[in-house]
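Residue numbers (the working numbering), protein chains in the order written: chain A, 1 to 189; chain B, 1001 to 1243.
Calculated directly from the structure, the hints in this document are not laboratory data. Note that the structure is predicted; figures quoted are calculated from it, not measured. All C-beta atoms in this analysis are idealised placements derived from N, C-alpha and C, irrespective of residue type, glycine included. All the pointers check out, no bait thrown in.
Partial chain B-side listing against chain A, Cβ under 7 angstroms, derived:
1. L1035
2. R1040
3. P1049
4. M1051
5. L1059
List time: in silico BS3-like cross-link candidates among lysine-lysine, alpha-carbon distance up to 30 angstroms:
6. K168/A x K89/A
7. K14/A x K59/A
8. K1180/B x K1213/B
9. K1213/B x K89/A
10. K87/A x K1213/B
11. K168/A x K87/A
12. K14/A x K1180/B
13. K87/A x K59/A
14. K89/A x K59/A
15. K1180/B x K59/A
So the derived list for chain B, only partly shown, Cβ under 7 angstroms to chain A, looks like this:
16. F1008
17. D1009
18. A1012
19. A1013
20. A1016
21. Q1036
22. I1039
23. V1063
24. A1066
25. A1224
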Amino acid sequence: MNDPDGQLIVQAAKGDREAFSDLMRRHEGLVFSVCMRMLSNRELALDATQEVFVTLFRKAARFRGESAVSTWLYRIAVNTCLDAMRKAKRRPLDVLPDHFEISDDSAGDAFESVELRPELERAIQSLPVEFRAAVVLSDAHGLALAEVSEILGVPIGTVKSRVFRARKLLAEQLGNLREAPRHQTGESQ
Amino acid sequence: MTDHIHDFDEIAARAAADIPLDDASCAVCADEYRLQREIRSLLLSSAHPEMSGPEIASLRSSVFSAMQSPKDRRLKRWVTVASVAAGLLVIVGIGPSLNRMESADETLAAPNAVTTAAAAPLQADATSTAPDQRYSSAVGAESAPSLPFSPISDGGAVTEAELIELEDQMLVSLSGSTMKLGRTDYANSERVAPPCLPEDPVFGSIEAELDGKPIVSYLIEDPAGERVIERFDATTCELLLSR
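The following block holds chain A by itself, in its conformation from the complex (with noise of 0.2 angstroms):
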């Protein structure tokens, strides 16, 4: 087996725990940033990663090898951030902030988007969730379309649609594009 996450994930289902570990620090960044983005809540994010390697490591004996680990981890953290939506919507009071905490220090890049960034975490999160799990994987990972329909166990044509939509909705939050170029959406915050 050429992949490396695949023997790492063989072992961890033998209990190998430095394994696990390698495994973990492979993933850690990205299923964090998925979670991130998927609830804009820094401590959910926290405890929604915690929890997507919790269950890895339970469940890595059922990997069956038949799509990619990182494929499989995308899909449980897209689950777990779904969970603790709902979760959330069941304690209104502990979730989901009218504010969003982008305090991360990469935010710091010189990325000419970078300016938007607050601006565009808000346009993200006011996405029907099935749109913005599509978009979140589609361009925010660049992953493949048929990545992101294998992850969120959807036929790719509804992948396309709700990608499609999803820009459309984030091009009306954020301005129209074509007549305002970035610098000046940028100029507005």
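Given chain A's structure and the hints, the job is docking chain B onto it.
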């Protein structure tokens, strides 16, 4: 000239894969394609949220702690349960009856029961037939004093922490039980079968009220043969927790 159809899903897919439009002569399609690419590009270029160093350390520590805790909890609980059971044997004076059950072993006579308390964990393992005995008596008489946990229990109004404690007790106490509960068993225990009874084999249940809402937790065996707790909203049968 054939009618042109704006295939927006295809436009979205092409924008995602950086594939140009076949026919860019349609202004609507070209416009949509440009917009889709701009939004995608914006998202792709945005920095990913990251964890800080302490957050990463805390995450790893929590995950490894959560991975270890079930075993630790199980072991601790066995020690507690076995110690209490051994203490009860001494206090109630059941030693002689144990002796009758295992008449071949003279060393289990009442005076020695005191010393068995020290070997409580081993004793708990040795009495591996206990879960089924517990089950039988639990169904017949739920409050039998020697039961560490009844397979059919009513937790009443509980806090989250109390419920987790009860669920853990159920998991530990009935982990070796081979006796599955069915609707008939609930009828035998003069209880109506609780709602949301899963398809998986059920070995125990707790009905309780959490935050004013009726819930029911089951100890089930999942398709992989693992004993897990599944907690449901007893009104809607929505799965609230699986662990």
